[in-house]
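*Asks:* In case you want the letters, here they are:
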Amino acid sequence: MSKSNLVTDAAAEFKGRATKKQKLQAVLHKYPWVSSAVVLVFAIFIFSFGNENFLTPNNLSLILQQTAVIGAIAAGQTLIILTAGIDLSCGAIAIFASMVMAKTAFVNGWPGWAAFMLGIAVGTGAGAFNGWLITKINLPPFIVTLGTYNVFSALTLFYATGRTIMDKELEPFFLYLGNPIPLGEFRITYGVLLVIVMYLILAFSLRYTGWGRHVYAVGDDIEAARLAGIQVKRVLMSVYVTAGFIFAVTSWVIIGRVAAASPNSGSNLNLDSITAVVIGGTSLFGGRGAIFGSLIGAVIVGVFRNGLTLAGVDLYYQTFAVGVLIITAVSIDQWIRKAGV
Amino acid sequence: MSKLVAPVLEAKNLVKTYGRVVAIDGSDLQLFPGEILAVVGDNGAGKSTMIKCLSGAETPDSGVMELDGKPTTFRRQKDSRDAGIETVYQTLAVSPALDIAANLYLGREIRKKGPLGSIFRMLDNSGMKKSAKEHITALGIGTIQNMSQAVETLSGGQRQAVAVARAAAFGQKVIIMDEPTAALGVRESGQVLKLIQSLRARGLPVILISHNMPQVFEVADRIHIQRLGKRIAVVTPKSHTMNEVVAVMTGALILDVKDQTLGPVR
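Chains as they are written, first to last, in my numbering: chain A, 882 to 1222; chain B, 593 to 858.
No lab work stands behind these hints: they were computed from the structure. Computed from a predicted model, the values in this text were never measured in an experiment. A portion of the hints provided could be inaccurate.
Stretch-level coverage of chain B by chain A, calculated; a stretch enters the list once three of its residues show a Cβ under 8 angstroms from a Cβ in chain A [claimed, not checked]:
hint, stretch
1, 664 to 673
2, 677 to 687
3, 710 to 724
4, 812 to 819
All C-beta atoms in this analysis are idealised placements derived from N, C-alpha and C, irrespective of residue type, glycine included.
Construct the entire structure; sequences and hints are all you get.
*Replies:* In structure tokens, the structure reads:
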């Protein structure tokens, strides 16, 4: 009895000896999104001095609208990165699905809901195709999605014959998500609301269900997960299919946001989604991170671009700043991971 | 004496080949109730393959496995787990970023009762934490207190304890341990050996694969010696010395399987 007390005392003493730096490291280790939240608050604070219009409801609403699309794609990307995978084809899937929706409705005269369902099916199928190549043919996710990025982009151009379908040619159903919700001076669109709801559902599933726990376990140590009896391939497949579904839903948000369906839009989405996830504190090595971090990450990029624009900073410097953000975020991630050992 | 008791787990004439490599070549194994059976052998003797067949990680090419006298086949790990055989792997198979309770229940999580569990599929985290604590305490592991601690913050011995606790919590019939002390220091090894003995005290038979002869002689009731893909002898720590076991393992001594007497070097 006294011996075990001795051990606990020694442990307590050891804990007490942690420096402030180690304590910070431990907190960030447990809540990896904290550092990104701090960066966001800090950035908003700084930019509010850059231009008096920055902190207006109008401008903040604009930032949210601008980040909704990236945020939505980043949600699916987060699931994949949590399993230690990556999806370079996410944007291509979303644009492909948006063209399927718009063209079947406008050119083939399908009713809006039917065209929408077809688009969702195509996007989910594209995600399933990625998942199939990764789990059944055993190819690395990077290579698979690099390939399918090109395939889906080419299919989009081929199918859409390079033509943009404008808002006047689209049913109101497709533009619905671009409508603002009356909230005083804020102009939050239904698209933004949909993205937030999507995040809430995913956060719940990841945190409170067995599926979510298995997603983390597979990304953390795939062999340990397999030996613990988790059906690793089934989990991976479910993640790629869910992500494909999310990308397809995002295509609806995209049409609402730009009020058109264009095969040439969204070429930045693929990499920007990874940027949002990484800045949000999710580890590219898998198994660590929180889905809301990615939303914060997307908003950070939006705040930086918007704030620097209002402060009159050239576009090149904005891109430069985002690059610095990414490298800083990954450096912090590496530092945090050391706390675990 | 033990011949009168039926074995819990018995393997007869198992054969497993990988391409042209014959990993086990007609190997047998018998595990009796409430004993610690050590499996020793040189590298490449087929210990690991034998264990993989018993735990369902591999399917033997031919041969019979019987659990409680009934023939069984394991196509994957889940089959052997469902049959009550738990394995502690050398790599521990714990997920570092997940906490202790999550690791204990990994792959067999418990859902909440009522609609929260059945419709929303919510996990019963507090319930799992509570029973994880009970399992850890039952094994006498006092140094682990907080079940929501991530496994990566634990020492090697504590991680091993989590893996052992998981096996003990769910193993109904047999527990297999593959080199459980290989990565541990002296004190931690001692703790794990104590854990193994406490499993036996609870009536669970244990198969212990080890290279460490002093440890084998400390805890084992019987020693199964594997050589060149076959069970070449079964001895006890009382009937033979460490040197003899090592000699048999490496082929310097030939032991007659029937009457367990030492024979001349061929």
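*Asks:* Now, for every hint given, state plainly whether the structure supports it.
*Replies:* A quick look at each hint next to the structure:
Chain A is given as covering the stretch 664 to 673 of chain B, and this holds because 3 residues of the stretch bring a CB closer than 8 angstroms to a CB of that chain, at least three being needed. Closer than 8 angstroms: that is the beta-carbon criterion, and the stretch 677 to 687 of chain B has 7 residues meeting it against chain A, so the requirement of 3 holds. Three residues within the 8 angstroms Cβ limit are the bar, and the stretch 710 to 724 of chain B against chain A gives 5, so the coverage statement holds. Counting residues of the stretch 812 to 819 of chain B whose CB lies closer than 8 angstroms to any CB of chain A gives 0, so the stated coverage by that chain is violated, three being the minimum.
The structure fails hint 4 only (numbered hints given earlier).
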